[in-house]
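Peer 1: The lines below spell out each chain.
2 protein chains.
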Amino acid sequence: MTPPTARRTLLRGTAATAALATAGLTAQAPTAHAAPGRPTGRGPRIGILLYDGYSLLDPTGPAEILARVPGASVTMVAERRGPVRTDTGDVAVVAERSLAEAGRLDVLLVPGAGNRGTIGAMGNQTLLRWIRATDRHTRLTTSVCTGSLVLAAAGLLDGRRATTYWASAEYLEKTFDVTYVPERFVESGKFITAAGVSAGLDMALHLVARLTDDDTARAVQLAVEYDPRPPFHAGDWRRASAELKARALKLLEDSQV
Amino acid sequence: MTPPTARRTLLRGTAATAALATAGLTAQAPTAHAAPGRPTGRGPRIGILLYDGYSLLDPTGPAEILARVPGASVTMVAERRGPVRTDTGDVAVVAERSLAEAGRLDVLLVPGAGNRGTIGAMGNQTLLRWIRATDRHTRLTTSVCTGSLVLAAAGLLDGRRATTYWASAEYLEKTFDVTYVPERFVESGKFITAAGVSAGLDMALHLVARLTDDDTARAVQLAVEYDPRPPFHAGDWRRASAELKARALKLLEDSQV
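Protein chains in written order, with our numbering: chain A, 1 to 257; chain B, 1 to 257.
Keep in mind the hints are simulated off the structure, nothing from the lab. Beta carbons: idealized from backbone N, C-alpha and C, even for Gly. It is possible that part of the hints are untrue.
Incomplete in silico selection of chain B near chain A, CB under 8 Å [what the hints assert, rightly or not]:
| no. | residue |
| --- | --- |
| 1 | 57 |
| 2 | 67 |
| 3 | 73 |
| 4 | 76 |
| 5 | 93 |
| 6 | 198 |
| 7 | 206 |
| 8 | 211 |
| 9 | 220 |
| 10 | 227 |
| 11 | 240 |
| 12 | 242 |
Cross-link-like lysine-lysine pairs, in silico, DSS-like; alpha carbons within 30 Å at most [stated by the list, open to error]:
| no. | chain 1 | residue 1 | chain 2 | residue 2 |
| --- | --- | --- | --- | --- |
| 13 | B | 250 | B | 190 |
| 14 | B | 190 | A | 250 |
| 15 | A | 190 | B | 190 |
| 16 | A | 174 | A | 250 |
| 17 | B | 174 | B | 190 |
| 18 | B | 245 | B | 174 |
Could you put together the complete structure from these sequences and hints?
Peer 2: Structure representation (structure tokens):
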């Protein structure tokens, strides 16, 4: 947006330049866009499935973290290319590739959604077929929130331990041959499922470790300053009152289209 | 994606229907899309500024949380409508409105970015003018990560306490009349700044409390199951080795276009 000249003027020859450099905010040459510095193509190919009504943080939290894996490519995939709207209808992330264009993936991540989106994905045979076909070649097949219901609907979690959104745990166990485990993320062979929404961040750090090593995962954690300190302590459904749970579900329902 | 008939077939009359209802996953009528259930327009108007090279989680984490505020609208805004790409170049979120179309906002959130994006935004007078003009009418003007550098460049943080991305703290203090405070988020009048990337989640819960009340914020926290349990403990830069910090910044640099 700023022409390179203005950028250089802003920073060149000032005390700020040195400070900015120290801070890791070094002014890049205008050619940085085209520079071959980014080693794409040598790292894991990570595909995140978008479908109508997904919850925004489910794909974007893990994408932020997984994008820092050296050489990784992170691609949003959907039935068709183009914007895919979230459960609230307010926000859209762009699917860069259609299912047919996604190709082989090293990691597949299926996000969760509100009721409408989850039910839609669980009954969408095109999506489920693609998930099954893609899973044949993945190193890791993963989900966030009710994404595990979609993996289960695709038949991939039979006989496995898994987690899901707290309010969907009973449904998961009653509907599929799956043992629900109330952890932030649950690993069962190459299938790794995360609990609700924000749990995708915790799982994603684990995925980084699986794809690289613990020290790289620690560096990624620092890179995204993931030192969580929520100002309230109400995120654990096992300690929540029935009233709070009802209120949380009502807020979700009211915010979704 | 799934026709309503198939959806009903999937769920009607099975034991799963009851379980799904219990789980809060009630099958919605096909008219749910058009239902007047969503009280948009009566709650706060929240605008999140996108600009080339922002970091994906900075706007999307808070958007996920703020969207649950009763009646809230969350709108992604940018110089022009359409997809705006992140620092990695892999992912784009759609700006629903241009700066000129954004109108008055109750809450403005400015995300952070990689070096290129931050420098670009700090030198983009069109953005800075819009930020200043919008701020005149906000209840809360907020930022995540290096978004506070952009607010400072707009002249809004003079004489204030604020936070930013850990690696940019020194630059913030040396360049602007701002006192850096190493907290997850820092409140200074109506200006609330968050630390790096994931700190936007913590700040957003605080914003929910400011916009509503503590009990609603707790319900939102449970709604997004924000009970963080990262598998590593490397997110606090004050306890990180120089080697880990260098490695984190290198991972960021290598992953950005």
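Peer 1: It remains to establish, for every hint, whether it holds in the given structure.
Peer 2: These are the hints, each one checked on the structure:
1. 57: At 4 Å from the nearest chain A Cβ, residue 57 of chain B passes the 8 Å test, so the hint holds.
2. 67: holds, 5 Å
3. 73: holds, 6 Å
4. 76: holds, 6 Å
5. 93: holds, 5 Å
6. 198: With a closest approach of 4 Å, the residue 198 of chain B hint holds.
7. 206: holds, 5 Å
8. 211: violated, 13 Å
9. 220: With Cβ-Cβ at 6 Å, under 8 Å, it holds.
10. 227: holds, 3 Å
11. 240: holds, 5 Å
12. 242: violated, 12 Å
13. B:250 x B:190: violated, 35 Å
14. B:190 x A:250: Between residue 190 of chain B and residue 250 of chain A the Cα gap is close to 29 Å, so the pair holds against 30 Å.
15. A:190 x B:190: violated, 47 Å
16. A:174 x A:250: Holds, at roughly 23 Å.
17. B:174 x B:190: Holds, because 23 Å separates the two Cα atoms, which is no more than 30 Å.
18. B:245 x B:174: It holds: about 20 Å lies between the C-alpha atoms, which stays within 30 Å.
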